[in-house]
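S.K.: What follows is the residue order along each chain.
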Amino acid sequence: GQQVMQIPQYQHVQEGEDFTTYCNSSTTLSNIQWYKQRPGGHPVFLIQLVKSGEVKKQKRLTFQFGEAKKNSSLHITATQTTDVGTYFCAGPEDSNYQLIWGAGTKLIIKP
Amino acid sequence: EAQVTQNPRYLITVTGKKLTVTCSQNMNHEYMSWYRQDPGLGLRQIYYSMNVEVTDKGDVPEGYKVSRKEKRNFPLILESPSPNQTSLYFCASRFRGRYTFGSGTRLTVV
Numbered sequence: 758g759q760q761v762m763q764i765p766q767y768q769h770v771q772e773g774e775d776f777t778t779y780c781n782s783s784t785t786l787s788n789i790q791w792y793k794q795r796p797g798g799h800p801v802f803l804i805q806l807v808k809s810g811e812v813k814k815q816k817r818l819t820f821q822f823g824e825a826k827k828n829s830s831l832h833i834t835a836t837q838t839t840d841v842g843t844y845f846c847a848g849p850e851d852s853n854y855q856l857i858w859g860a861g862t863k864l865i866i867k868p
Numbered sequence: 009e010a011q012v013t014q015n016p017r018y019l020i021t022v023t024g025k026k027l028t029v030t031c032s033q034n035m036n037h038e039y040m041s042w043y044r045q046d047p048g049l050g051l052r053q054i055y056y057s058m059n060v061e062v063t064d065k066g067d068v069p070e071g072y073k074v075s076r077k078e079k080r081n082f083p084l085i086l087e088s089p090s091p092n093q094t095s096l097y098f099c100a101s102r103f104r105g106r107y108t109f110g111s112g113t114r115l116t117v118v
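As they're listed, the protein sequences go chains A and B. Counting along the first sequence from 1, when you hit position 53 you're at 810 in the working numbering, and nothing is skipped either side. Counting along the second sequence from 1, when you hit position 43 you're at 51 in the working numbering, and nothing is skipped either side.
Next comes chain A alone, as it looks inside the complex (with noise of 0.2 Å):
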């Protein structure tokens, strides 16, 4: 079936460092969603791409979908204390448009 992958699953920076996680999808997707879920938090929606190759800009959050809409990156410039937890990515499925997630990254800020 239908597969979203998500790398890695974690990532440890020194704050001022940048994050990126990527996702790939096993297939073409008409959309890709982007959530943030804080430690002990629930899933907040970031953003939502919908155009081959777009790129979408939240302050220092850079949100890509590639050209043949199957992957998709977010990219934190400088992170910060306040952008810990893990992201996560989803698209729609083919057959019941139910959300495919990836299984998430985790930031983790190095002390």
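Derived by calculation from the structure, the hints in this document are not laboratory data. Quick caveat, the model's predicted, so the values are computed rather than measured. For each residue, glycine too, the CB sits at the ideal point set by N, CA and C. Each statement offered as a hint is correct.
Some chain B residues near chain A, calculated using beta-carbon distances under 8 Å:
hint : residue
1    : Leu-49
2    : Gly-50
3    : Gln-53
4    : Tyr-56
5    : Gly-66
6    : Phe-98
7    : Arg-106
8    : Phe-109
9    : Ser-111
10   : Gly-112
DSBU-like cross-link-like pairs, simulated, lysine-lysine; straight-line CA separation at most 30 Å:
hint : chain 1 : residue 1 : chain 2 : residue 2
11   : A       : Lys-814   : A       : Lys-863
12   : A       : Lys-814   : A       : Lys-867
13   : A       : Lys-827   : B       : Lys-65
14   : A       : Lys-863   : A       : Lys-808
15   : A       : Lys-863   : A       : Lys-816
16   : B       : Lys-65    : A       : Lys-863
The hints should help you fit chain B onto chain A, whose structure is shown.
M.R.: Relative to chain A, chain B alone:
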């Protein structure tokens, strides 16, 4: 404030004792869903509902039941909980593809 409300936040129960986790949304969304989250496995869908009286199985429905008698409420029922249902549960509603999640229910079955 637009929100999805789940109760309880934490629950410890014993094997076989029926329980219900409630979920309510105040946004008049037609679509609602239940997920469980386990370390390393991400979010897995249990059941979803496209509208009142319309429910369907997700990826991991075994051992769970749901009902959707009215638009705002979507309770999750565990008729006979087992330890492998120990998990973090999230209810969500959806509008124009965007999901809004409840704060979660951490369930422990001993």
